[in-house]
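A.B. asks: Here is what each chain is made of, one letter per residue.
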Amino acid sequence: MSQHKGLSLRVAAVGMDERMRCALQLFFQGHCNNSCALVHEGSAEISIIDLDGYKSQQLLEEHRIRYPGRPLIILSLKNMQLDGIVCLRKPLNPQQLLAALRQMKEQMAVTKESEPEQTDDQVTRTETSESGSAAPDKSVHAASSSVEQTRDNPCLAGKEQRTTQSTHVAATRLHERSSNAYIGSAPDIDPENPKQVADAQYDPEDFFQSYLKRALSIAETENRDVRIGNKMGSIGIQGQCKTISVGMSENLMRALSVVPVMNGAVAITRLNGNEPLLATEEKSLISSDALLWKTALWASRGRVPCGTSLTEPVYLRQWPNMPRLYVFPHVLRIAALLIREPHSLLDIAKVLNIPQRNVFAFYSATHAIGLTGSAQRAVDKLFEPATVKKHRRHGLLSRLLSRLHLQ
Amino acid sequence: MSNHKIIFTGPVGAGKTTAIASISDIAPLRTDEAASDMTKNHKPETTVALDYGLINLTGGERIHLYGTPGQERFDFMWDILTEGGIGLVLLLNNSRPDPFQDMHFFLKAFKSFIDQATVAIGITRTDETDSPTVADYHLQLQSEAYKLPIFEVDARRREDVSLLVEALLYSLDPGLVA
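Protein chains in written order, with the working numbering: chain A, 1152 to 1558; chain B, 153 to 330.
Incorrect hints may have been included.
PhoX-like cross-link-like pairs, simulated, lysine-lysine; straight-line CA separation at most 25 Å [said to hold, decoys possible]:
id: 1; chain 1: B; residue 1: Lys157; chain 2: A; residue 2: Lys1540
id: 2; chain 1: A; residue 1: Lys1256; chain 2: B; residue 2: Lys157
id: 3; chain 1: A; residue 1: Lys1541; chain 2: B; residue 2: Lys263
id: 4; chain 1: B; residue 1: Lys299; chain 2: B; residue 2: Lys263
Rather than coming from a laboratory, the hints here were simulated on the basis of the structure. Just so you know, these numbers come straight off a predicted model, no measurement behind them.
Go ahead and model the full structure; you've got the sequences and the hints to work with.
C.D. replies: What follows is the structure, encoded as structure tokens:
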């Protein structure tokens, strides 16, 4: 059975004999649950090179010339140190190799983030394979053909036809480093300092997220197709359809989202029935919540919408659908605490002992998709929130969490 | 039997076997057999006893992952299986005729365990059938005052299943630190 996992890497084994390749394949099957696959070096994302083989040094040099910039893992019986290359000593510790692969994957995500002409992992692709079944994962192969289908009929979501295009993506987990682009790096504020409190706020109305929200509202209330964007790229929203076609690069979307929108920089266009949703054929699909979540994170960068009290309790209506959203550090912990009872944003950061910016980002993103708000009930302000009691198996559960993160 | 265990349950075809395989350190032990009853309408093979997977922790501790058989005639095993468990992962097949009924059935069947532990719900096969939505499931639970993590998951994706299990653990103790 083929598995498609979070790690998901195409790996080339360079300078290895058949037995070593076989051992590596078994490692991928056992420790990576088949999420990594051995492929020909031409189609690989990373390469593992055995430096103890015949002419291996030469192989390494040739490989670096042929595939500049490709992440490399070097295996050797000796202690090696090479700039920009992960070196592992043989015999290999499976956990070290796994950690190295994880590191590579993260590096690739960060690099991808900064590349000018990238497509975003989070922007969704269509899939035709069966989720939740034991069927082979066909998503990679199915992606292109599905996009073709959606071009012909991008809103198959007719009520009589329940099987629809999908906006599925693998969950995307942002680690501390890569999450800075979304939640910033601002230090904690002093709530007694009015300037610092003001600096921790932003006005969503000035940002692309509010334009997007307006466009979604028009599409829904007027039941018509709407396009939002500019000459560089646009996003198409179909009336009554929760799926959005994205025809702009990730970089453009981010550039539009992180700074206040200048006059005329973004246009919202109501389309008549004959007009194509997007001018470009290149597009990907995303759910409205995933797009709002992302643009709100970019705009807020660890701040809260203006007018949000940092000291009054806020509520969380329901858990966000996390596997379909960007998962930034501590987001699950914040949700788990806030779903129990209303807390103030400063209180959450204090109770969980985490940076305030993570809590502020959580509030901004969940507020954008309508899941959070100010708790208005008198009872919410009557008592201090209950103390979070440690679970009787706190240590065990923490170790399990660490294990899940490491895999 | 060690008490460190997480139980995966749900109706036939919800992806319990696959979800366990996604996060298990070992090749899961399966007891699939050719379906001979109405189950065969959903899939040719089904779990007739248990699925079993394992997560090894540092220090030699182990978390056992058990998948219940999807067919209700095996429900006599459920009480035994859940005894001392950490929590319940309920997977629901969105393409079934009435997934809400499935949800209520399993929440009721495991109520005593859920009351002392907790549950996280994963909705599978949403790429086949986009209705009901996750929001609809939340609405269904509103009257029961449950505020559970309900996620769309692809049981084949380790990251999806991992997030669901993490939400289960944080629901037990938001103070956990990985």
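A.B. asks: Would the pair Lys299 of chain B and Lys263 of chain B pass a check requiring their Cα atoms to be no farther apart than 25 Å?
C.D. replies: Between Lys299 of chain B and Lys263 of chain B the Cα gap is close to 15 Å, so the pair holds against 25 Å.
A.B. asks: Sort out whether Lys1540 of chain A lies within 25 Å of Lys157 of chain B, counting only the CA atoms.
C.D. replies: 21 Å, holds
A.B. asks: Would the pair Lys1541 of chain A and Lys263 of chain B pass a check requiring their Cα atoms to be no farther apart than 25 Å?
C.D. replies: 23 Å, holds
A.B. asks: Take the C-alpha atoms of Lys1256 of chain A and Lys157 of chain B, compute the straight-line distance between them, and say whether it is at most 25 Å.
C.D. replies: 30 Å, violated
Hint 2 from the earlier list is the only one contradicted by this structure; the remaining hints agree with it.
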